[in-house]
Amino acid sequence: DTGVSQDPRHKITKRGQNVTFRCDPISEHNRLYWYRQTLGQGPEFLTYFQNEAQLEKSRLLSDRFSAERPKGSFSTLEIQRTEQGDSAMYLCASSLAPSVGLGEYFGPGTRLTVT
Amino acid sequence: DAKTTQPPSMDCAEGRAANLPCNHSTISGNEYVYWYRQIHSQGPQYIIHGLKNNETNEMASLIITEDRKSSTLILPHATLRDTAVYYCIVNISPGANSKLTFGKGITLSVRP
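Protein sequence lines correspond, in order, to chains A and B.
When the first sequence is numbered by this note's numbering, its final residue is 115 and no position is left out of the sequence of numbers.
When the second sequence is numbered by this note's numbering, its final residue is 112 and no position is left out of the sequence of numbers.
Please keep in mind that the hints were generated in silico from the structure rather than gathered at the bench.
Incorrect hints may have been included.
[To be verified] Within a straight-line C-alpha distance of at most 20 angstroms, the following computed SDA-like cross-link-like pairs (lysine to any residue) qualify:
{"id": "1", "chain 1": "A", "residue 1": "14", "chain 2": "A", "residue 2": "81"}
{"id": "2", "chain 1": "B", "residue 1": "104", "chain 2": "A", "residue 2": "38"}
{"id": "3", "chain 1": "B", "residue 1": "104", "chain 2": "B", "residue 2": "72"}
{"id": "4", "chain 1": "B", "residue 1": "69", "chain 2": "B", "residue 2": "7"}
{"id": "5", "chain 1": "B", "residue 1": "104", "chain 2": "A", "residue 2": "89"}
{"id": "6", "chain 1": "B", "residue 1": "3", "chain 2": "A", "residue 2": "58"}
{"id": "7", "chain 1": "B", "residue 1": "104", "chain 2": "A", "residue 2": "87"}
{"id": "8", "chain 1": "B", "residue 1": "104", "chain 2": "A", "residue 2": "40"}
{"id": "9", "chain 1": "A", "residue 1": "57", "chain 2": "B", "residue 2": "101"}
{"id": "10", "chain 1": "B", "residue 1": "104", "chain 2": "A", "residue 2": "108"}
{"id": "11", "chain 1": "B", "residue 1": "104", "chain 2": "A", "residue 2": "39"}
{"id": "12", "chain 1": "B", "residue 1": "104", "chain 2": "A", "residue 2": "42"}
{"id": "13", "chain 1": "B", "residue 1": "3", "chain 2": "B", "residue 2": "48"}
{"id": "14", "chain 1": "A", "residue 1": "11", "chain 2": "B", "residue 2": "40"}
{"id": "15", "chain 1": "A", "residue 1": "57", "chain 2": "B", "residue 2": "92"}
{"id": "16", "chain 1": "B", "residue 1": "104", "chain 2": "A", "residue 2": "37"}
{"id": "17", "chain 1": "A", "residue 1": "14", "chain 2": "A", "residue 2": "88"}
Bear in mind that the values here come from a model prediction, so they are computed numbers and not experimental data.
Next up, chain B with everything else stripped away, as it sits in the complex (with noise of 0.2 angstroms):
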């Protein structure tokens, strides 16, 4: 079973800033946040991983609680091709024997 919960969907404008939460309450103090999109079709796509810090790179920001029990993932500015499901996964250490495990996701839509 996933170890996360997201709302089930939200929706922003284009150009605006787009967070998107999710609650990890029984993390594990070697399990990192992992964050994939997948667009309709398309197979899931890495977006960002984090432990405890605040990361970013070119596609997002992804903001993790003190206590590490939820996060935040940032698109900075949403375009129509950021309309896709967001899945936020725990997962131990990268490199570790270890598969996803996906939840349902957080359907973004990024209205005109």
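Okay, chain A solo, but in the shape it has when bound (with noise of 0.2 angstroms):
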């Protein structure tokens, strides 16, 4: 069990430019999550797949953000014309569902600073 992996672990970008993050969960979750999380506050879910299925979309999930996991296996998340406010940690959790709970499992996150 490898874990949930997230690359880059860090980008550095400018205002403007388009970034993409990828997230491989582990090998047999069905479920994969993509959160976001600022300084001092808790991770705030962003969207959620089952499978390919792209099944919800958080508000904070604005136009410039599209999020895929096209063979159901490992998910990107794009954000495009990046904007200052868009620095943060970016997380990726994986479950297996329906499944007795041991809850979601995360990423190292990707750290995401926009100059």
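Each chain sits in its own coordinate frame; assemble them with the hints.
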């Protein structure tokens, strides 16, 4: 069990640029979640997938954000025309559902800094 | 919005039990209490969850009051590595279509 991995771990970009993050969930997990966390706050839900279907999106996910999970395995989160307010830690989590509930397993996150 | 309230911080001495409180007075009958923790610069880590019975695993114990309006996470022998932000989360049953709603959590500082 290699856990949830995310790439890159850190990204610095200039305002207006596009960025893409990747998440590889635990292999047998069918659910994949994206969260965003700013300094001093708990993680905030952005969106989640069950297999390749995107089942829910938060209102935080503006039209500049898009997430995909094309084959029900890894996922990508793209932010277009980045803004300074997008600076945050982007966390990915996965889980197996339905399950007897060991919760969601989180990756280490991608820290985005928009200058 | 988070459905739980936690004090912002607490500390305890290494080797002693750390008792972390959480209030969830509006919890519904089908909602579980989950605890996660987040060590600095890492992703959150699942600790334990429960519905109404007390639960124990290798990491911690969870004590839920009979009316289910509050709970306590107990780390029986805190170590310096337990210094982290601990989140108490109310969530519908495991496996249901649900995401986690985090509050600000409680920062536990374990002192030598």
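Ascending list of hint numbers which this structure does not respect: Of the numbered hints given earlier, the structure breaks none, since each of them holds.
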